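Chemist: Sequence:
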Amino acid sequence: MRSSSVCDPYAEIRECVVKAVARAAEELGLGVDPRTVGSLLQEPPKPEFGDLALPLPRVSRQLVERCAELAPLAEDIGGECVERVECVGGYMNIRLRSGYLVGRLAEALSKCGSSYGIARRDKPLRVLVEFVSANPIHPLHIGSGRNAALGDFVARAHELLGDVVERRYYVNDLGLQVAYLVYGYAKLGRPKCPPQMKDDHLLGLIYAAAYTVADISRLKKRMESASEAEARELRRELDSLVADLLRIRERVPGLVDELLRAAEAASEDVEREVRELSRALELGDPSLAELHGEVIGRVVSGIRATLERLGISFDRWDYESELVRSGLVDELLARARKSEFFTYHKGAPALDVGRLAERPEIREALAVSKSMEIPPLVLARSDGTTLYTTRDLAYTLKKFSESGADLVYNVVAVEQTLPQAQLRLALYALGYEREARSLVHYAYEMVNVKGLAMSGRRARYVTVDEVLDALVARARSLARERGVEISDEAALKIARSALRYVMLSVSPRKTLVFDLDQAVGVKAGTATYLQYTLARARSILSKYGREIEFSRVGADGLSGKRRELALLIARFPEVFRRVATELTPEDMVSYLNRLAEVFNPWYDSDPVLAEPDESLRNLKLMLVYGTKTVIENSFRLLGLDALERV
RNA sequence: GGGCCCGUGGCCCAGCCAGGAUAGGGUGCCGGCCUUCUAAGCCGGUGGUCCCGGGUUCAAAUCCCGGCGGGCCCGCCA
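My numbering numbers the first residue of the first sequence as 34 and each following residue consecutively.
Don't read these hints as lab results, they were simulated from the structure. Bear in mind that the values here come from a model prediction, so they are computed numbers and not experimental data. Heads up, a few of these hints could be off.
[Said to hold, decoys possible] Derived pair list, reagent style DSSO-like, types lysine-lysine, alpha-carbon separation capped at 30 Å: (1) Lys-576 - Lys-556; (2) Lys-156 - Lys-144; (3) Lys-556 - Lys-594.
Whenever a hint applies, use it, and build me the whole structure from the sequences.
Modeler: Here it is in structure tokens:
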């Protein structure tokens with residue numbers, strides 16, 4: 034990371050303070066490690082305690098005892114940056130010299146301008162982020178929304194660090210699920226979309242209907258040979274399936290009946306039919322190519338439209354069927370057979386990655402948790418067809434080789450932790466050590482929707498489109514209440530930012546309970562609150578209409594909210610760097626909420642433009658400019674939209 | 001059965017990895033503030049056995065051990 038210290042005022046401040054404390058301790062004959070002091074310096078819980086605090090017992094016992102001697106010395110030595118040092122209950126509380134703080138901040142903001150806080154890497158990396166990659170059988174649901182927001186954040190973080198980033202979507206257009214959809218679609222004679230409905234939504238219903246019809250016939254068959262007790266249980270299941278089917282029928286009248294009629298008329302074993310179809314699709318049966326392409330194309334275009342509403346686009350869309358036909362999967366299988374880890378697991382060809390995982394240093398290097406049990410990775414079925422993870426293995430190598438990536442992210446749900454670990458181990462086992470080390474599973478927990486058990490197979494899901502629609506409607510009505518009409522574009526920006534904000538505000542490892550009413554409400558602690566804060570700051574600056582004279586910023590009025598704000602703005606580069614490198618968007622959200630919570634009350638109580646004293650007015654303007662810049666740059670990182678008016 | 005993750009006011013979340021001051025926000029509820037840079041705002045009030053029990057420590061929401069509760073994974077599914 035380029036340490037352009039000018040652009041990181043807090044690092045400079047910290048360095049100056051640490052030096053003062055360390056030298057003072059030295060003069061008293063107490064050896065303290067400056068690095069320890071630096072890492073322990075913290076923000077006091079209350080502004081009265083000063084700007085920085087050092088918990089003394091953590092450094093050394095003697096420091097506690099001799100703090101009274103130490104404090105004046107440190108105050109003296111650090112005169113450039115330190116105004117006052119006090120000893121209170123085991124702490125050394127440090128108040129910074131206002132002039133120093135203001136000076137550092139003014140310098141940073143004037144020199145770094147709109148890139149304030151953004152630290153670029155010395156040597157840019159090539160980074161590939163694969164995300165969303167939802168199966169092309171239904172519209173994006175809310176879980177994919179979380180994936181989309183997080184994946185785009187990862188990509189943005191690297192872009193802002195100066196890396197060259199490629200976004201990819203892996204279209205899983207093979208497998209049983211797709212076959213169910215193709216089956217239903219063909220039986221219905223390639224139906225057109227009813228008005229007011231998107232293709233992906235229609236086909237999602239067809240998929241669910243086909244799957245449910247097959248499930249029902251499976252159940253009926255089982256009931257024929259079931260005991261009475263079992264039959265009762267099955268009957269209950271059947272009722273629930275039928276209820277699901279009826280619910281789907283409500284949304285697309287006629288379609289379900291037609292499907293049932295078609296299936297019955299042919300007196301087909303739907304399940305067997307679908308299996309055969311799946312095999313034919315994987316083999317690339319030319320008579321199915323057009324139908325297959327049409328089905329996948331319609332769903333993908335719907336998904337693409339949803340992503341566009343979210344403001345997300347991909348550099349490449351990779352199709353699984355093309356991967357299989359390119360022969361890469363076969364090549365990989367051949368290579369696996371020659372591996373020392375090749376084995377047979379219950380008769381099926383496999384890689385014994387568990388054996389590799391016995392070595393603790395390998396687990397360490399590949400980020401596989403210490404005691405996770407690793408079963409062998411089965412590569413193919415007895416009939417020779419490949420399994421998903423095998424194809425993913427081939428795809429991973431393709432990702433590395435095509436892009437020349439130094440780092441590849443798979444943004445994938447946490448429930449896939451084991452297959453993702455197997456993937457890295459398998460790469461290593463096959464001799465791709467660098468790739469194995471450079472493959473990152475960026476995991477996230479699932480999204481639950483309040484009061485709904487989700488299931489794609491039953492078309493029980495909340496879609497990203499619905500959520501966006503609801504948010505757009507809400508944004509409109511709130512604006513109308515205030516007597517303002519907002520443009521479609523503004524409403525969409527409010528909506529998609531609100532959605533992204535919710536997805537990024539909670540740590541990815543926590544299950545997110547999505548409450549539509551709450552996300553739709555635009556209050557404090559939402560994206561809209563931040564957009565509003567930014568609009569206020571921008572409004573002041575545009576009314577001022579001139580360049581801020583950073584060289585004539587006064588330090589006298591730096592107290593209360595103004596001081597808090599200055600410190601927060603000074604700390605931004607540090608926060609930004611941490612969030613962008615550790616990929617913890619929730620930290621940025623917390624920071625922004627705090628910033629807005631300081632800015633807004635200050636805004637209310639302390640007029641900027643009406644300030645008669647010039648140097649104080651410049652100080653206030655600098656704080657407004659700092660707030661604006663910090664929010665704008667955070668938005669670039671999080672993928673939130675700025676608005677001129679809210 | 002084994003593994004991974006989570007448990008903080010009615011509800012949601014931050015803090016935990018790198019232990020430190022009276023545990024922070026939001027939301028909800030009650031009351032107040034628009035002639036002054038955007039009231040999607042601001043101010044005040046209300047509300048907590050940091051899941052439980054031990055241990056380590058001058059100091060534990062944070063570290064360790066043992067429980068309890070919830071989620072996910074352990075397939076020739078993806």
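Chemist: Now look at each hint and say whether the structure bears it out.
Modeler: Hints, verified against the model:
1. Lys-576 - Lys-556: Holds, at about 26 Å.
2. Lys-156 - Lys-144: Distance of about 23 Å is within 30 Å: holds.
3. Lys-556 - Lys-594: holds (22 Å)
Of the numbered hints stated above, none is contradicted by the structure.
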